[in-house]
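**Q** These protein sequence lines are chains A and B, in that order. Counted the way this note's numbering counts, the first sequence spans residues 1 to 174. Counted the way this note's numbering counts, the second sequence spans residues 175 to 443.
Quick caveat, the hints were computed from the structure, so don't treat them as lab data. Be a bit skeptical, because a hint or two may be false.
To be verified - If you want a taste of the chain B side facing chain A, the calculated C-beta under 8 angstroms gives, among others: (1) Ser-369; (2) Val-376; (3) Ala-377; (4) Ser-380; (5) Asp-411; (6) Ala-422; (7) Trp-425; (8) Tyr-426; (9) Pro-431.
Just so we're clear, the structure is a prediction, and the values are computed from it rather than from any experiment. The C-beta atom is built at its ideal place from N, Cα and C for all residues, glycine as well.
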Amino acid sequence: MAASTPADGSRPRRTDARGGPVDPERRTVLAGVLFGTGVAASMVDLFVFHLALQWHHFYDRSTTAVAITADGFFHAVAWSITVWGLFLLADVRRRVPVRWGRWTGAVLAGVGGFQLFDGVVDHKLLRIHQVRYGVEQLWLYDAVWIGSAVLVLLAGLLVLRRTRPDHGAARSRG
Amino acid sequence: MDHDHGGAVHATTGWVAVEVVVVVGLLVVAVAYAAGLRASRHRSPWPVHRTALFAGGLGCVAAALVGPLADAARTSFPAHMAGHLLLGMLGPLLLVQGAPVTLALRALPVRRARGLSRVLRSRPVRVLTHPAVAALLAGGGLWALYGTDLYPATHVSPLVHAAVHAHVLLAGYVLTASLVGVDPDPHRASVAVRSVVLVGYVAAHSVLAKHLYAHPPAGVGARDAEVGAQLMSYGGDVVDVALVVLVAAGWYAATRPREAAPRGAPVTR
Numbered sequence: 001m002a003a004s005t006p007a008d009g010s011r012p013r014r015t016d017a018r019g020g021p022v023d024p025e026r027r028t029v030l031a032g033v034l035f036g037t038g039v040a041a042s043m044v045d046l047f048v049f050h051l052a053l054q055w056h057h058f059y060d061r062s063t064t065a066v067a068i069t070a071d072g073f074f075h076a077v078a079w080s081i082t083v084w085g086l087f088l089l090a091d092v093r094r095r096v097p098v099r100w101g102r103w104t105g106a107v108l109a110g111v112g113g114f115q116l117f118d119g120v121v122d123h124k125l126l127r128i129h130q131v132r133y134g135v136e137q138l139w140l141y142d143a144v145w146i147g148s149a150v151l152v153l154l155a156g157l158l159v160l161r162r163t164r165p166d167h168g169a170a171r172s173r174g
Numbered sequence: 175m176d177h178d179h180g181g182a183v184h185a186t187t188g189w190v191a192v193e194v195v196v197v198v199g200l201l202v203v204a205v206a207y208a209a210g211l212r213a214s215r216h217r218s219p220w221p222v223h224r225t226a227l228f229a230g231g232l233g234c235v236a237a238a239l240v241g242p243l244a245d246a247a248r249t250s251f252p253a254h255m256a257g258h259l260l261l262g263m264l265g266p267l268l269l270v271q272g273a274p275v276t277l278a279l280r281a282l283p284v285r286r287a288r289g290l291s292r293v294l295r296s297r298p299v300r301v302l303t304h305p306a307v308a309a310l311l312a313g314g315g316l317w318a319l320y321g322t323d324l325y326p327a328t329h330v331s332p333l334v335h336a337a338v339h340a341h342v343l344l345a346g347y348v349l350t351a352s353l354v355g356v357d358p359d360p361h362r363a364s365v366a367v368r369s370v371v372l373v374g375y376v377a378a379h380s381v382l383a384k385h386l387y388a389h390p391p392a393g394v395g396a397r398d399a400e401v402g403a404q405l406m407s408y409g410g411d412v413v414d415v416a417l418v419v420l421v422a423a424g425w426y427a428a429t430r431p432r433e434a435a436p437r438g439a440p441v442t443r
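Required output: the full structure, derived from the provided sequences and hints.
**A** Here is the structure:
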C-alpha cells in the first residue's frame, strides 16, 4: 500500500485506463464487501437453504408481485456483485500485493451485514419470506439468524479495524 | 429426420417446411463460416476456440429447433424451456464468441468489407444493438410469448412457430453481442450501462420464471409449468453468471495498469 502513496500524501500515483486514480486500499475493502454480500445473498441462500436444508422454496404462491419483482432484482444484483468482487480483487492483485487479512475482514463484514439486513428487513419488517416454515419457535430461528449475523459482522469490523493501514501509526486514515 | 413418430399434428407440409428451412439455414451459416476461414487462411491464424464455440452455438440452435428435443417441446413445457435456453441464451452466447463479423471482415474483399462495416455503423443498427433496446426486444418478446395466446399458437401455426423462434434467436444474439460481443462494435455501451441492463434483463427473466410457475401458459399443466419455470430460472442464472463474468473480464482487460501492460498491447476494447 505504501508503495502507491507518494511521501507527500497526495493522490495515489497509479491510475486506471481512463486516467482516474485507483486506491488499492479502498478497492481491497470494496472487493471484499461486494464478494461477501454477494456470496451471502446468492450462494448461502441457494445452496444452504434451498438445496441442502430445503427450508426455502422456489415460490410459495403467497408472495406478492412486488416481492417477486424485488426478489428478481435482488438475485440479479447478488450474482453480479459476487463476480465483480472477485474481479476487483484480481485488479488489486495485479497492482499491489493483496492484504488478505483486510480483504477477509471486508468479506466477513459483507456476509454479516447482508445476513443482518436479510434477517431484520426481509424476514421481519417486509416479511418477504421466513427462515423456516411450519415451525413453532420461529423466534428461535430468527434469534439464531440475527445473532449469528451480528457476530459475523462484528468480527468483520474488528478485523477491518485491526488491519487499518494506519493501525498503530500516527497518520489519520488510509 | 423422420416425422413418423410425431403423429398427424406436425407431419404436415407446413411443419416439414419449417424444419427444412432450419436445416438449410444452419448449413448455409456453417458453410459461410468455413468459407470465411478458407478465404482468410493467408492472414494471421484464426483462433481454433472461436471456430469451436461457433460450431457449439450452431449445435445448440439445431438441438432447439430440430430433432428429439424440438419434437418433445411440442407437448412438454420443460422440453420447450430447455430449447428456449439453448436457442435464446446459450446458443447466442457461443455464436457471439465465435466472432462471425470479425471473420467476415477478414475474409471479404476490401470494398465489401467496408460496405459491411458501414452497415454496422448505420443508425438503425446502432439503435437496435444498444443493450437497452436489445434487452427490451428479447425480454418483451418473452413476456408476449408466455403472457398472451402466442404460446399455444406456436403449436398450431408453423408460421407463428417459425417467427417466434426466429425472434428468440435473433434477439438473444443481438442482446448477447451488445453485452459481451467480441466483434468490432463502434458504439459499444459503457461497462456501467451494460451491467445495469444485464441486471435488469436477468431480473425480468427470473420474475417471468416465477410468474410462469404460478400462472402456466394456456395448455400447460401445473406440474409441467413448475418444472419448466425452475429450469428457466436456474438455467437463466447460469448463463447470466457467464455474461457477468464476460463483462467483468472485458473491464479487467481494458483497465490493465499502464506499467504492467506489454508494449503495444491494446488498452481499450
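**Q** All the hints need checking, so say for each whether the structure fits it.
**A** So, going through the hints one by one against the coordinates:
Because the closest C-beta pair between Ser-369 of chain B and chain A is about 7 angstroms apart, less than 8 angstroms, the hint holds. For Val-376 of chain B, the suggested interface contact is upheld, since its CB lies about 4 angstroms from the closest CB of chain A, less than 8 angstroms. Taken as an interface hint, Ala-377 of chain B checks out: its beta carbon lies about 4 angstroms from the nearest beta carbon of chain A, inside 8 angstroms. A cut of 8 angstroms between beta carbons decides the hint on Ser-380 of chain B: the least distance to chain A is about 4 angstroms, and the hint holds.
A distance limit of 8 angstroms between C-beta atoms decides the matter here; for Asp-411 of chain B the minimum to chain A is near 7 angstroms, and the interface restraint holds. The interface hint given for Ala-422 of chain B is met, as the beta carbon of that residue sits about 4 angstroms from the closest beta carbon of chain A, less than 8 angstroms. A least Cβ separation of about 7 angstroms between Trp-425 of chain B and chain A falls short of the 8 angstroms threshold, and the interface hint therefore holds. Because the beta carbon of Tyr-426 of chain B sits about 5 angstroms from the nearest beta carbon in chain A, less than 8 angstroms, this interface hint is met.
Because the beta carbon of Pro-431 of chain B sits about 6 angstroms from the nearest beta carbon in chain A, less than 8 angstroms, this interface hint is met.
In summary, this structure violates none of the numbered hints.
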